[in-house]
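**Student:** Make a model of the complete structure from these sequences and hints.
Listed below are the residues making up each chain.
Number of protein chains: 2
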Amino acid sequence: MKEKPIISNAVIRRLPRYRRYLKELKKSTDKVSSKELSELTGYTASQIRQDLNNFGDFGQQGYGYNVDVLFEGINAILGLGKSYNMVMAGGGNLGKAIANHNYYYKTGFIVTAIFDKNPELIGKKIRDIEIYDYLDMKDYIEENGIDIGVICTTKDSAQEVADIFCSAGVRGIWNFAPVDLQIPDNVCIENVHLSDALYSLAYYMNNTKSE
Amino acid sequence: MKEKPIISNAVIRRLPRYRRYLKELKKSTDKVSSKELSELTGYTASQIRQDLNNFGDFGQQGYGYNVDVLFEGINAILGLGKSYNMVMAGGGNLGKAIANHNYYYKTGFIVTAIFDKNPELIGKKIRDIEIYDYLDMKDYIEENGIDIGVICTTKDSAQEVADIFCSAGVRGIWNFAPVDLQIPDNVCIENVHLSDALYSLAYYMNNTKSE
Numbered sequence: 001m002k003e004k005p006i007i008s009n010a011v012i013r014r015l016p017r018y019r020r021y022l023k024e025l026k027k028s029t030d031k032v033s034s035k036e037l038s039e040l041t042g043y044t045a046s047q048i049r050q051d052l053n054n055f056g057d058f059g060q061q062g063y064g065y066n067v068d069v070l071f072e073g074i075n076a077i078l079g080l081g082k083s084y085n086m087v088m089a090g091g092g093n094l095g096k097a098i099a100n101h102n103y104y105y106k107t108g109f110i111v112t113a114i115f116d117k118n119p120e121l122i123g124k125k126i127r128d129i130e131i132y133d134y135l136d137m138k139d140y141i142e143e144n145g146i147d148i149g150v151i152c153t154t155k156d157s158a159q160e161v162a163d164i165f166c167s168a169g170v171r172g173i174w175n176f177a178p179v180d181l182q183i184p185d186n187v188c189i190e191n192v193h194l195s196d197a198l199y200s201l202a203y204y205m206n207n208t209k210s211e
Numbered sequence: 001m002k003e004k005p006i007i008s009n010a011v012i013r014r015l016p017r018y019r020r021y022l023k024e025l026k027k028s029t030d031k032v033s034s035k036e037l038s039e040l041t042g043y044t045a046s047q048i049r050q051d052l053n054n055f056g057d058f059g060q061q062g063y064g065y066n067v068d069v070l071f072e073g074i075n076a077i078l079g080l081g082k083s084y085n086m087v088m089a090g091g092g093n094l095g096k097a098i099a100n101h102n103y104y105y106k107t108g109f110i111v112t113a114i115f116d117k118n119p120e121l122i123g124k125k126i127r128d129i130e131i132y133d134y135l136d137m138k139d140y141i142e143e144n145g146i147d148i149g150v151i152c153t154t155k156d157s158a159q160e161v162a163d164i165f166c167s168a169g170v171r172g173i174w175n176f177a178p179v180d181l182q183i184p185d186n187v188c189i190e191n192v193h194l195s196d197a198l199y200s201l202a203y204y205m206n207n208t209k210s211e
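Protein sequence lines, in the order shown, are assigned to chains A and B. Note that our numbering gives residue 142 to position 142 of the first sequence, counting from 1, and the numbers run on in steps of one. Note that our numbering gives residue 55 to position 55 of the second sequence, counting from 1, and the numbers run on in steps of one.
In short, the hints are calculated from the structure, not lab data. It is possible that part of the hints are untrue.
Repeated chains share a single entry, so a pair holds when one copy, or any two copies, can fit it.
20 Å max Cα-Cα, derived DMTMM-like pairs, lysine to aspartate or glutamate [what the hints assert, rightly or not]:
#1 Lys117 with Asp163
#2 Lys26 with Asp156
#3 Lys26 with Asp180
#4 Lys155 with Glu24
#5 Lys26 with Glu36
#6 Lys125 with Asp68
#7 Lys35 with Asp57
#8 Lys27 with Asp180
#9 Lys23 with Asp68
**Tutor:** Quick look at the structure:
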């Protein structure tokens, strides 16, 4: 079987961004040029063409891209056609916010259970998702074929949670705890380090000419 | 006056990550080599040396980096020595989670007020931060010299909030709404698109060999 080409992380991280703009564009137009996409996204037109060329022949010289085809193409590349079962560790404020954040639900990412150590939270619900005892998390993941574990705990509990996720067989971890975790090679992880963006923002504020 | 060199966004986005590892390293060691930093961060040693060389001469051939000096150096580059006043628009679950997320407080980013349209939230508090009427937000920002506005509203309200932030004089926006906003050139923005990381995760899960 032919090996898939290795696509750089930077390209993969830009795809959800292209997708976001295409989703808006779909409402008003059928086609878009790399130049128009460049104006929207802030990436250069040549960068956009190069990124999309990694995945085949989306564009057509002199026409541009068909918005629907490109949108569905990016969905297929990312693997957004199917549905993913998720559990969340941590039902505190952050867990509540993430579980209530409805954008990813529409794309097929479904949180089926939340786990917490806090007896005051166990038995309660966020949306219609029940909060269970943290001690039952491993069994639940194994029994329900969970694909993705979401970490909304404190920094100090995050590695322990990741270890349970991995040993129970999740294939991906979406980590909101501000720590980089050790996980086996066959599990994928994406970290959302909330403060990192704030620190970069401080840099830009201090290095942008005002007016 | 000599112009500062233009540093690529990718480098600026890696600095908070280096900072995070150095903060941990400070607890156990005085010095670190680019090779050790590479093992921790996953970036190549040459990439790390090249990134840090942008900002002067932190390393020493055959010795590596002094952890404290490098940590403080990165703080200074990012502008983390000073304090920043912030207001937050949106006191719902996401606002609550972000206002309760205490890591950035320690670095000098202080949320002084939260604003919401919901009469049930106005007058309540998150931590010790009062939630005020959204209609008073512009005046508050102008009167209190607010540096950064945080957007924790829905996607539909985000542009309106950004417009108020900008006209009231914030210099930076930390945006959690899943939409890219139009803002003037003299205002900086960092977006945290929560779902983007999840979509990239799906790609990696579908393109990583299991076992």
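**Student:** Indicate, hint by hint, whether the structure satisfies it.
**Tutor:** Consistency of the hints with the structure:
In this assembly of identical chains, Lys117 and Asp163 lie within 20 Å of each other by CA distance solely inside one copy; the values are 16 Å within and 42 Å between copies. In this assembly of identical chains, the alpha carbons of Lys26 and Asp156 lie at most 20 Å apart only when taken from different copies (17 Å versus 43 Å within one copy). For the identical chains of this complex, Lys26 and Asp180 are inter-copy neighbours only, at 16 Å across copies versus 37 Å inside a copy, given an alpha-carbon limit of 20 Å. For the identical chains of this complex, Lys155 and Glu24 are inter-copy neighbours only, at 12 Å across copies versus 36 Å inside a copy, given an alpha-carbon limit of 20 Å.
Taking the shortest alpha-carbon separations for Lys26 and Glu36, only the intra-copy value of 14 Å comes in at or below 20 Å, while the best inter-copy value is 47 Å. When the C-alpha separation of Lys125 and Asp68 is checked against a cutoff of 20 Å, the pair qualifies neither within a copy, at 37 Å, nor between copies, at 45 Å. In this assembly of identical chains, Lys35 and Asp57 lie within 20 Å of each other by CA distance solely inside one copy; the values are 17 Å within and 40 Å between copies. With identical chains, the CA atoms of Lys27 and Asp180 are at most 20 Å apart between copies only, with a shortest distance of 16 Å across copies and 39 Å within one.
Only within a single protomer do Lys23 and Asp68 lie at most 20 Å apart by alpha-carbon distance; the minimum there is 9 Å, versus 46 Å between protomers.
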